[in-house]
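2 protein chains.
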Amino acid sequence: MAEELANILNKAEEAVHQRNLDQVRQFCQDLHPPDLASLYEELDPESRTFLSDSLGVEIFTDVLAEIPDTLVEDALDHFEPDEQREILESIPDDDRVDILQDVSDKKRDNYLELLGDEKQDSTRSLLRYGEETAGGRMTTQIGKVLAQMTVKEAIDHLRTELESTETLARIYVIDQSGKLIGKIRLRDLAFNPWDTPIRELLTDEEHTILATADQEEAANMLARYDMLVVPVVDESDRLLGVITADDAIEILAEESTEDIEKGAGISGDASEQTYLNTEIATHFKRRFGWLFALALLAIASGVVMIRFEHVLTNVYLLSLFLPMVVAAGGNTGGQASTMVIRAMALGELDPEDTARVAWKEFRLGAGLGSLLGLCIAVIAAFIVPAFHPEVPRDFSFITFGAAVGIAVAAQVTTSTVIGALLPIGARRIKLDPAVIAAPAITTLVDASGMVIYFIVASFMLGL
Amino acid sequence: MAEELANILNKAEEAVHQRNLDQVRQFCQDLHPPDLASLYEELDPESRTFLSDSLGVEIFTDVLAEIPDTLVEDALDHFEPDEQREILESIPDDDRVDILQDVSDKKRDNYLELLGDEKQDSTRSLLRYGEETAGGRMTTQIGKVLAQMTVKEAIDHLRTELESTETLARIYVIDQSGKLIGKIRLRDLAFNPWDTPIRELLTDEEHTILATADQEEAANMLARYDMLVVPVVDESDRLLGVITADDAIEILAEESTEDIEKGAGISGDASEQTYLNTEIATHFKRRFGWLFALALLAIASGVVMIRFEHVLTNVYLLSLFLPMVVAAGGNTGGQASTMVIRAMALGELDPEDTARVAWKEFRLGAGLGSLLGLCIAVIAAFIVPAFHPEVPRDFSFITFGAAVGIAVAAQVTTSTVIGALLPIGARRIKLDPAVIAAPAITTLVDASGMVIYFIVASFMLGL
Chain D
5 MAEELANILN
15 KAEEAVHQRN
25 LDQVRQFCQD
35 LHPPDLASLY
45 EELDPESRTF
55 LSDSLGVEIF
65 TDVLAEIPDT
75 LVEDALDHFE
85 PDEQREILES
95 IPDDDRVDIL
105 QDVSDKKRDN
115 YLELLGDEKQ
125 DSTRSLLRYG
135 EETAGGRMTT
145 QIGKVLAQMT
155 VKEAIDHLRT
165 ELESTETLAR
175 IYVIDQSGKL
185 IGKIRLRDLA
195 FNPWDTPIRE
205 LLTDEEHTIL
215 ATADQEEAAN
225 MLARYDMLVV
235 PVVDESDRLL
245 GVITADDAIE
255 ILAEESTEDI
265 EKGAGISGDA
275 SEQTYLNTEI
285 ATHFKRRFGW
295 LFALALLAIA
305 SGVVMIRFEH
315 VLTNVYLLSL
325 FLPMVVAAGG
335 NTGGQASTMV
345 IRAMALGELD
355 PEDTARVAWK
365 EFRLGAGLGS
375 LLGLCIAVIA
385 AFIVPAFHPE
395 VPRDFSFITF
405 GAAVGIAVAA
415 QVTTSTVIGA
425 LLPIGARRIK
435 LDPAVIAAPA
445 ITTLVDASGM
455 VIYFIVASFM
465 LGL
Chain G
5 MAEELANILN
15 KAEEAVHQRN
25 LDQVRQFCQD
35 LHPPDLASLY
45 EELDPESRTF
55 LSDSLGVEIF
65 TDVLAEIPDT
75 LVEDALDHFE
85 PDEQREILES
95 IPDDDRVDIL
105 QDVSDKKRDN
115 YLELLGDEKQ
125 DSTRSLLRYG
135 EETAGGRMTT
145 QIGKVLAQMT
155 VKEAIDHLRT
165 ELESTETLAR
175 IYVIDQSGKL
185 IGKIRLRDLA
195 FNPWDTPIRE
205 LLTDEEHTIL
215 ATADQEEAAN
225 MLARYDMLVV
235 PVVDESDRLL
245 GVITADDAIE
255 ILAEESTEDI
265 EKGAGISGDA
275 SEQTYLNTEI
285 ATHFKRRFGW
295 LFALALLAIA
305 SGVVMIRFEH
315 VLTNVYLLSL
325 FLPMVVAAGG
335 NTGGQASTMV
345 IRAMALGELD
355 PEDTARVAWK
365 EFRLGAGLGS
375 LLGLCIAVIA
385 AFIVPAFHPE
395 VPRDFSFITF
405 GAAVGIAVAA
415 QVTTSTVIGA
425 LLPIGARRIK
435 LDPAVIAAPA
445 ITTLVDASGM
455 VIYFIVASFM
465 LGL
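Here the protein sequences come in this chain order: D and G. Counting from 5, one number per residue, gives the positions in the first sequence under the numbering used here. Counting from 5, one number per residue, gives the positions in the second sequence under the numbering used here.
So here's chain D without its partners, still in its complex pose:
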């Protein structure tokens, strides 16, 4: 956030706390709805009410579309029914749907009743689509013209709809039944004779998305084909709305956050509130589940240690490299799973590529493991003796180094392959691959690493 903006936000926050109406209005004049939403989020409940009163219904309508979903219900609640109607009537339909999805079922019905018949119907039909589908995300306020119009008729038609249209970057051409048959650009209207038939100007729209498709699919389509707008259609190819590039940015940011958080063993949906404004209880709930599950899983490594007690107590020096062997597996497994999960998220990998991934990561793991094993073997065989550690009689540091090195190589190789294949396996059984990320893999290969280390060491050192 730019310094200047942070500065104004601070001043505005102070003015709110002092309940200084004039100053609040003065500072807020320079702020855009997303900035005002940040300010709103930072405040305590009473100050929020003061701020929304100060801004007035008209400005607060734009702010409401930007505040985190958990705060929407309280924000609306505070207004009188006629103000609520004013807010809900004047807000763009995609934002209205978002807002209504954030309130309780009972409240939603009340709010819907406030709307005029036409808005009520269109809102109800949008609410049928899930929040994370293309239909749930689209805006329906777009430029549409009929194929049989002339340029002049199209311009006149659009002029009457101008106010309620979010973007004219693309104007869609439909037939009488509402079916999408192509698109024109506003420039085609501006720079062509008025009697030109639209039919002669239209170009095919090659990319469309079904209203029931996942919103991420729409965002990926916009990203791949560098589009600013993608039309959303129903099964009969009727044009319902569009998803714009700024929607796509939001969708992709949400999905990235989700993947990153899942990858760290944080469950549930990311809060729309900022990190600091999210309640401790929410953080707690999202983190404890995995922490507990992984703790139970980690006891398996403890059981391995108990089983191999005789190896460790015979040559206690083995414990010097035990945490390292174990950790190297977690680290390389985490790297491999991250690469594979990201490649899947970007649509680069299909389940059919499993064999190619396994072969690639096997060679990578063997290479990384051999080099790392060699380095560690040198340390174990030649540097460790200089510290005169306690060892049994006839102990060979060269054999010790070789054992540690081989264990490292084996652990890194297997962990790399496990790390790469588990996310693919998860997707095969319809689990979200991001869930099987670093922490789960680390805990798993902790146990396998100990088994490898103790077996290699006991075999080579004759324990």
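Simulated from the structure, these hints should not be mistaken for lab results. Some clues are possibly wrong.
Chain copies aren't distinguished; within one or between two, either way the pair holds.
[Claimed, not checked] Calculated cross-link-like contacts (lysine to any residue; reagent style SDA-like; alpha-carbon spacing at most 20 Å):
no.: 1; residue 1: K156; residue 2: F195
no.: 2; residue 1: K15; residue 2: D357
no.: 3; residue 1: K434; residue 2: E7
no.: 4; residue 1: K289; residue 2: W363
For this one, chain D is given, so just place chain G on it according to the hints.
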């Protein structure tokens, strides 16, 4: 990727391998440049040459802008100088700059010489901006009109530039010196009398970005304010170009990939090639550094184990929970660092928030640690005895459970705070916070966890 598309891509690939020119052309007709670029990337070098020949200079020009940077030089090399000129002259200037940034210095000069004087000058001036700045990313082919024009003059002016203009979503108004003074929408031109002065129609452009600013800043601005285009200006506020929302999508995806990979201990820039097409040597180089550094760091944990030999050998049962205590710290530290790093990436956290973050994570860590510690204490005190493990005489399982529980609580609390604060500390000393993510924190708290566990256990069990 949709099935239909994958299907055509497969057929096209087969046709290329059979060197069947007609079929290649037939299948490629249905493919868009980004799809053709995917196909190109999948092929071996000779097949690539065949494909680019089959497509012809005109179509391949659009494909070239989409292929991974590492393949650009070879792709261009293969054409004759006059074809190279044709490609470089006809490609949009931002793509031309991207391509020239991907080739060697010597080749770049050769290619620049091929261009006409005007294009050469404008390209050279764009090349001055770093690849990751707003200036290096912008397109200069935009609609610009002078404030003193009328609507008619503006339309005529834009008409002549229509072909070379990427977007007319926003038309910028400049003064004689090139300074940005506002914007109009194409609809303002289309729906207003021809003699209206532009000056009366323009609205302020409140958001601009400096050409030298980081491209991520531009993308975040587009995302925050739901913009489709942001103008790029120099220090004197002269309009240089624009960054569009589809650029922002690309920038944000690249940055997310970078953050995710850094968070898993993968160094260097992400390859533009897909995971499977990236060479093993590249993967190896990006992964080995951290793997090696973390392995050395992990020996610290081994040293701790050696130091506390007497504790472990006295009550070997302690090893049952050792991996769990250690891992719980890594897991909770990883969760905390992920939340904080993501919050910083989204611009939600400033270094001044350190105390608030520390206090929040301390309470969270204490809460998570106490609950987890209690669960584990119950297991240690009441379930473990049922397995009749070997223990010294007079051993109290209740004390043992209490010791394990307290160690878990202490380890989770400290690791959570460490995990949250290290990334903030990294940013304070101008390091990329994403680098200090899960693997580094895990390795660090491995060692501290062992110290905590052994000290608590030896104190409470009197060892």
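Evaluation of the provided hints:
1. K156 <-> F195: Result: close both inside a copy and across copies, 11 Å intra and 11 Å inter.
2. K15 <-> D357: between (56 Å within a copy, 17 Å between copies)
3. K434 <-> E7: Result: close only across copies, 18 Å inter versus 45 Å intra.
4. K289 <-> W363: between (39 Å within a copy, 18 Å between copies)
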